[in-house]
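Protein sequences appear in the order of chains X and H. Counted the way our numbering counts, the first sequence spans residues 1 to 169. Counted the way our numbering counts, the second sequence spans residues 1 to 198.
Hints in this document: simulated from the structure, not taken from any laboratory. All clues stand as given, with none of them false.
Straight line, CA to CA, 20 Å or less: simulated PhoX-like cross-link-like pairs of lysine-lysine: (1) X/Lys40 x H/Lys113; (2) H/Lys127 x H/Lys184; (3) X/Lys40 x H/Lys152; (4) X/Lys110 x X/Lys40; (5) H/Lys170 x H/Lys195; (6) H/Lys51 x H/Lys62.
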Amino acid sequence: MRVIPAKLVLLACFALGAAGVCVADVPTMVGRDAPDFTLKASDGANLRLSEFRGQVVLVNFWARWANDSRREMPALDRIHTTYGRAGLVVLGISIDEDLRRAEDFADSMKVSYPVMFDTGSEIGRDYQLGRLPMTILVDRSGVVRYSHLGYKRGDDRLYLDHIRELLRE
Amino acid sequence: MLAGACLAQAPPAATPAAGAAPAAGATPAAGDAAAGAAPPAAGAADSGDFKTLDQEVQSMKKDVIDLNKDLFVLEEELLFPANTQVAVYVSMDVGTFFALDSVTVKIDNKQVKNYLYTAREADALLKGGVQQIYLGNLKVGKHELVAFFTGKGLPVDRDYRRGATINFDKGVGAKYLELKITDKVAKHQPEFLIKDWE
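Next up, chain X with everything else stripped away, as it sits in the complex (with noise of 0.2 Å):
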């Protein structure tokens, strides 16, 4: 078997980087069913992810250490306002450890949307979280159409015209 040399595969990973493809970005849930779970609001409610098939999900994992996650919130919140009524369905799941700091953190965002919370991290594990925040959008039929790791500003943008095109379907 050739061994590809180093040098090589440096080159290749800067070239997709050039390109805005990262390694890390790769999506590797996408096109594969949605991992089902289960798991307790802040409202206290029971919310399972397969009782939202035939609507359009938006899932979005955060951890209160995760710098990006703070800012993604607000405009996630925006975009649960605005296409809530439309069939989309934004969940908030917190991978933190720490369940006290968790719900503080999410009551401090005040935002609309249910957030659940993980402190067993399997759901992490089902989803192959690399890198917090992570935003992935579930089609119709349960099915993972889009995954984007971290957040920079104009993020949610992309995340529109994704949700706008499954809204449609």
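Starting from the known structure of chain X, arrange chain H on it as the hints suggest.
Just chain H, lined up with the frame of chain X:
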């Protein structure tokens, strides 16, 4: 509803028409009529082909479903053979005094299941649904099952956590246990029982 009714009526209306076409084409036996008869005959042949194809597709779908069923049964038998199989079910009756939130099942002091119920699932249980919460394997002999039920006591909205325990003998056959949540009307309280289906 009206559109649905129209759609439902469409096939019977189309069938006689398709059936009538060859008959109409067959009546003029003369050669000059043959040209006129050709298109309906071709249409009938096409329709026949489609029907055969459709039947084949339906038959294949049925085969796939049957195969899937067989595979499921085989998998179940392989993973949970009857001599080691233990299945735990949850049922709920009335529910005037209790709103179910979660059930945790421990067998021989090891947690095997923790299940959170959505409002829809709890409602389905109230309507008479029975849920298989756990399916696993156990060795023949004595075992202990502990179930913890959490939820809200009703009508006063207060947190509720109750446990129920059963010691059972696992024989050579499959073992079925039912976690039952019922209302104890005399005490205005919910009751949590575990029934061993022999």
